[in-house]
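According to this note's numbering, the sequence shown is numbered sequentially starting from 15.
No lab work stands behind these hints, which were simulated from the structure alone. Be careful, since some hints might not be right.
[Claimed, not checked] Under the rule of at most 20 Å between Cα atoms (straight-line distance), these lysine to aspartate or glutamate pairs were calculated in the EDC-like manner:
1. Lys-21 / Asp-108
2. Lys-57 / Asp-120
3. Lys-57 / Asp-108
4. Lys-57 / Glu-146
5. Lys-21 / Asp-114
6. Lys-21 / Glu-175
7. Lys-21 / Asp-120
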Amino acid sequence: MILQLFKLVGITIILLLTQSLVLNHIHFLGYATPLIYVYAVLKVSRFTPRWQQLLFGFFIGWAADTFTDTMGVSAIATTALAMFMTPTLNLFVDADNNDDFVPGTDTMGWSAYARFLFMAVLFHHIIYFLVEAFSFSDWSGMLTSCMASVVFTCALILAIEAAFAKRR
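Put together the whole structure using the sequences plus the hints.
Written out as structure tokens, the structure reads:
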């Protein structure tokens with residue numbers, strides 16, 4: 015349990031540094047900016063108490079906001095993601111899984127994890143881009159940025175999973 019916590023904190027620090035130093039400067043085709051820090055929220059154990067998930071999501075979002083100067087946008091989106099992550103995960107896994115269940119390709123398989131990942135990232139990004147724009151005046155641009163960022167973020171997270179997945 016403690017080892018898993020240290021691993022999660024290490025992953026979070028690496029993801030936040032990568033986000034702030036590299037990925038925030040990438041705007042693929044002018045639209046897609048990957049928000050890779052959501053991966054840390056997705057790696058929280060399924061049976062972690064809800065209040066801990068919410069605090070963890072908030073602090074990751076707050077740290078991302080601090081590094082990227084987005085004034086609470088990431089905190090709102092990652093807290094909402096943390097709130098709905100367990101119910102979303104329950105759509106893709108059996109209820110009788112063990113207490114140490116952490117979402118990933120090695121525990122869920124590629125297909126189920128990819129579907130879970132897409133739904134979670136889409137949920138996060140919709141909230142993120144709606145709060146960031148705070149209007150529907152340019153909804154087509156917002157939708158394009160959101161969907162392009164979802165695809166880019168999911169591709170990067172799946173690449174990370176492929177690189178670090180346990181070999182069977």
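Hint check:
For the hint pairing Lys-21 with Asp-108, the CA-to-CA distance comes to about 25 Å; that exceeds 20 Å, so the pair is violated. Straight-line distance between C-alpha atoms of Lys-57 and Asp-120 comes to about 12 Å, which keeps the hinted pair within the 20 Å bound. For the given pair, Lys-57 sits about 17 Å from Asp-108 by alpha-carbon distance, which is consistent with the 20 Å threshold. Restraint check for Lys-57 and Glu-146: the C-alpha separation of about 25 Å exceeds 20 Å, so the hint is violated.
With a C-alpha separation of about 14 Å, the suggested pair Lys-21 and Asp-114 falls inside the 20 Å cut-off, and the hint holds. Proposed proximity of Lys-21 and Glu-175 is supported: the alpha carbons are some 15 Å apart, at most 20 Å. A distance of roughly 16 Å separates the Cα atoms of Lys-21 and Asp-120; the hinted pair therefore holds under the 20 Å criterion.
Consistency note: the structure conflicts with the earlier hints numbered 1, 4.
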